[in-house]
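Undergrad: Here are the chains, one letter per residue:
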Amino acid sequence: MVKLALQAHPSPQVFQPRNTRTIYGTLVLGLVLLNGWGVVLYGLPGLLTLAGGVLGFLLADAFVARIVTKKGYDVLQSLALGLIFVSLLPPNTGLFLAFFAGAGGTILGRWTFGGMGGMWIHPALVGLLLLSFFTSGALDRFLSPVILEGTWVSPEILDSPPLANQLTRYFVQGPVLSRPAEIIGQSPGAQFSVDQGLRSWLNTQIFHPFGVNLPGGYIASFLGVGGTPLGAGSMALVLLVSIFLVGRQVIHSRVSFWYLFVVIVGIYVYGDVPVNGQWFRGDMLFFLSSGTMLFSGFFLYADFSLAPAFKKGQIFYGIFGGLFTLIFVFGGIGIYSGPFGAVTISLIGVITNRYLRPKLYGKSRRLAL
Amino acid sequence: MIASPRRFRLGGIVPALRTPLIQDTRVWNASLPAAALVPLQVRDFEPAVCVVKPGDRVKEGMILGTASDRSLAVHAPIPGIVREIRRFDLPGVGETEGVIIDFQGEFDRLGRPQNLLDWKTLSPGQILSKLQSTGVIEMSRRRLGFVDSLRSLVSSSATRIHIIIGAFDSDPLLRTEETIVRDFLEPMVGGLQILGYLFPGAEFHLAYNWRSRAGAHTLFSRVKKSVKISRISVSDYYPQADDLMLLSAVTGKELPEGTSLAQKGYCITSPSTLLAVYQAIALNQPVIERILTVTGGALGQPRIIKARLGTNIAELLRECGRLTKEPAKVVLGDSFQGIPVTQLDTPLTKDTSGILVLEESEIHEEPTKECIQCGLCASSCPAGLDPMRLYKMLDLGHSSHAFREGLDLCTTCGICSSICPSRIPLTSSFAREKENIRG
Chain A
1 MVKLALQAHP SPQVFQPRNT RTIYGTLVLG LVLLNGWGVV LYGLPGLLTL
51 AGGVLGFLLA DAFVARIVTK KGYDVLQSLA LGLIFVSLLP PNTGLFLAFF
101 AGAGGTILGR WTFGGMGGMW IHPALVGLLL LSFFTSGALD RFLSPVILEG
151 TWVSPEILDS PPLANQLTRY FVQGPVLSRP AEIIGQSPGA QFSVDQGLRS
201 WLNTQIFHPF GVNLPGGYIA SFLGVGGTPL GAGSMALVLL VSIFLVGRQV
251 IHSRVSFWYL FVVIVGIYVY GDVPVNGQWF RGDMLFFLSS GTMLFSGFFL
301 YADFSLAPAF KKGQIFYGIF GGLFTLIFVF GGIGIYSGPF GAVTISLIGV
351 ITNRYLRPKL YGKSRRLAL
Chain B
1 MIASPRRFRL GGIVPALRTP LIQDTRVWNA SLPAAALVPL QVRDFEPAVC
51 VVKPGDRVKE GMILGTASDR SLAVHAPIPG IVREIRRFDL PGVGETEGVI
101 IDFQGEFDRL GRPQNLLDWK TLSPGQILSK LQSTGVIEMS RRRLGFVDSL
151 RSLVSSSATR IHIIIGAFDS DPLLRTEETI VRDFLEPMVG GLQILGYLFP
201 GAEFHLAYNW RSRAGAHTLF SRVKKSVKIS RISVSDYYPQ ADDLMLLSAV
251 TGKELPEGTS LAQKGYCITS PSTLLAVYQA IALNQPVIER ILTVTGGALG
301 QPRIIKARLG TNIAELLREC GRLTKEPAKV VLGDSFQGIP VTQLDTPLTK
351 DTSGILVLEE SEIHEEPTKE CIQCGLCASS CPAGLDPMRL YKMLDLGHSS
401 HAFREGLDLC TTCGICSSIC PSRIPLTSSF AREKENIRG
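Residue numbers (my numbering), protein chains in the order written: chain A, 1 to 369; chain B, 1 to 439.
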């Protein structure tokens, strides 16, 4: 009898190439690029924040996994979650603060609900919540970059109270900031050297011949040099990496689409009302150019682990995530409107798979033979 | 205007496969086996009653096992002498009896002119009996009971009969059906006419995909005057060839829960079955051979092969050049629902539409990991189920909850397990649970 070293396996016989390694490996690759740029811009403080946050995730996961699953854990998974967390941190958060917030985020967000298969809120968001509620303004102090720029720091950001206070103030006093540019934590009127230089060149070479003028602030935001989170500040890089993620199909891009659509339309429609009382005049591009919104749209809302599985649920999740973000934007939460919107949608997102799902095969009367 | 291909309502995937497609799709006649092992049982059926004993001389096509209501007739694929009747493990069936025939003597059919019978003199009942006695089954679908389907259709109260021919393969690696529809035009026409004779007024629907388009169009042109037929382009999403999904794509409707295709007046079949019907009725030839795809990255020369039943797999692989790589898995059928084999002396059976000889890099098999809640299983499920949720329920022992959530609708198509990045054995756990419930 001819025998081979073959094993009989149940169905299916061939698997699709995508596995957890390719998913998280792709994410890690993109996030390393984003945070690498952050480290280049912000130097040692950025590096220490990066190291603290990532180590917090890795060590906490290793420790808890050993106790809970007794099998170990997926390093790439932890690394991706940790990098998402540090991408949202101000570069000067520091080693210890980032470490403890990261460790707390993964323990509370991931492991208290039974690991990746049970969590309903992103551990990175839990880490951010910990920082915003238990530290005094850790998320409100942003560094100016050590290269490309001088010493600019937004006074609104430096002087702003902790996020928890901002939330309280919003509900008690109503919106405290009104202009979209201020709302995302930057001033469109602020002049940066790189912004000025590059803008002047672009205007002369490209825009002015077409009768268009590129105003100040956009270039700085595009490059992420205007006092932003470590990895989520540069619109150009976030956009590039997001396209890579969509192409590699490692996120639910339908959620990103609906989220960004709602946010852009919302800003366009209502953005200028609080300032000049004019509808349909909001500055969408400037708002998006901060990078943080794009980062939230592609990395937080569309994350495989948290976004709903079914089409209807994904559309609902994206639309309502966008609406919550707009509430925070116009409520003056500033640069973290996107992540805070994600925290809010997480609270109801967990039930979307159960209630927003297609009719099972053969159960639709309309389609019955 | 070119209509876009139709597809089923929910889920499905376009499989990303590394195996190159067979380029040479001519049918290659395999060498005759020196000995054939003919199983007396086919998946889904009871064993036939053996009517030969060791030492008996058998002719090509002679009956080896008689059919009953729940079993199929089995015939000798080659002439010769019965060497032994022994029990062996048949993949997908388990331990069963088989007849070993040593090739000897002359062929009664092979290489001789074949007389066409005037099958129109037969009554529909006689045609059904003949299909039963010649051992015709549904040759390339999961549900094998073709004659039973036809009988149910005869007794159906449906006002209109629809016969859907899925002229494409269940898996992009296989090219059996598209080859048959292209290269066996006359038998296809004959097969359709026989079914048209059985069910006068029946509507035929020829479903094809982009790969079988040319053959399907030629067939359509040939038969459109003799039977009422329409042609429908369908997508190459998996599992488009599944009965329920094909029905959904062709009609835009779904089979309500608790009803059968026959009750609603539908029969779904394939070109390889039409070929068997034609051979049984018009040529009086039992099912003793079949056409199949033999492919995979470990093979030197993948081919479409016509071979006698009972030929062992090792001999069929030899028809495809030598192995270029160490095979990691040999599968009978398609890459999703096929049955793996561990021994290459496994015989070719009626329901084997393909053999996949796969190397390690084509399989992407990995150890199971923790669920990451990616939801890919749910978004790909053609039944609209949430496999991750069902799996958790079964894991916690809440089987009744899982059935309330629709576990009985699972067709075990294998998509959820195949696409799962954590390689969680979803399909097999669902299949096991359904099997347990059936008892």
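In short, the hints are calculated from the structure, not lab data. Incorrect hints may appear among the rest.
[Said to hold, decoys possible] Partial list, computed: chain A residues near chain B (C-beta under 10 Å): (1) ILE23; (2) THR69; (3) ASP74; (4) MET119; (5) GLY197; (6) HIS252; (7) SER253; (8) PHE310; (9) LYS359.
[Claimed, not checked] Chain B regions said to be covered by chain A (calculated; three or more residues, Cβ under 8 Å): (10) 292 to 300; (11) 407 to 419.
Beta carbons: idealized from backbone N, C-alpha and C, even for Gly.
Undergrad: Confirm or reject each hint.
TA: Here is what the structure says about each hint:
{"no.": "1", "hint": "ILE23", "in the structure": "holds (6 Å)"}
{"no.": "2", "hint": "THR69", "in the structure": "holds (7 Å)"}
{"no.": "3", "hint": "ASP74", "in the structure": "holds (7 Å)"}
{"no.": "4", "hint": "MET119", "in the structure": "holds (7 Å)"}
{"no.": "5", "hint": "GLY197", "in the structure": "violated (44 Å)"}
{"no.": "6", "hint": "HIS252", "in the structure": "holds (7 Å)"}
{"no.": "7", "hint": "SER253", "in the structure": "violated (12 Å)"}
{"no.": "8", "hint": "PHE310", "in the structure": "holds (6 Å)"}
{"no.": "9", "hint": "LYS359", "in the structure": "holds (6 Å)"}
{"no.": "10", "hint": "292 to 300", "in the structure": "violated (count 0)"}
{"no.": "11", "hint": "407 to 419", "in the structure": "holds (count 7)"}
In terms of the numbered hints stated before, the structure departs from hints 5, 7 and 10, listed from lowest to highest.
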